[in-house]
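Under our numbering, the first residue of the sequence shown is numbered 7, with each subsequent residue one higher.
In short, the hints are calculated from the structure, not lab data. Incorrect hints may appear among the rest.
[What the hints assert, rightly or not] Now the in silico label distances, taken between C-beta atoms and shown as ranges: (1) 34 x 75: 29 to 37 Å; (2) 44 x 14: 28 to 36 Å; (3) 30 x 65: 28 to 36 Å; (4) 77 x 27: 30 to 38 Å; (5) 73 x 39: 22 to 30 Å.
In this text, all values refer to a predicted model and were calculated from it rather than measured experimentally. Beta carbons are placed, not taken as given, at the ideal position from N, Cα and C, and that holds for glycine.
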Amino acid sequence: MRIEYDPAHDLLNIEFVSEETIAESVEFDGVIVDYAKDGRIISIEILDAGKRTTKDPLEFIDFSIVKEKVVA
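Construct the entire structure; sequences and hints are all you get.
Below, the structure is given as structure tokens:
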């Protein structure tokens with residue numbers, strides 16, 4: 007996963023799958039979701055991110071990974 011913020015264009019992009027072709031993009035009020043052919047979400051882009059979140063969207067980033075062991 008990669009998170010990028012472009013302050014010059016005020017775009018926040020969260021990429022879940024790299025090196026995958028985008029088959030479809032759907033925009034919901036300034037939020038663009040890119041899908042692969044098999045329906046997986048490739049990325050989510052937020053237009054005017056600073057207006058929709060905080061002035062600097064990466065200022066308060068708090069990233070954590072929670073992994074649970076699956077018992078068979």
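Checklist entry - Tell me, which hint numbers fail for this structure? => result Result: no hint breaks.
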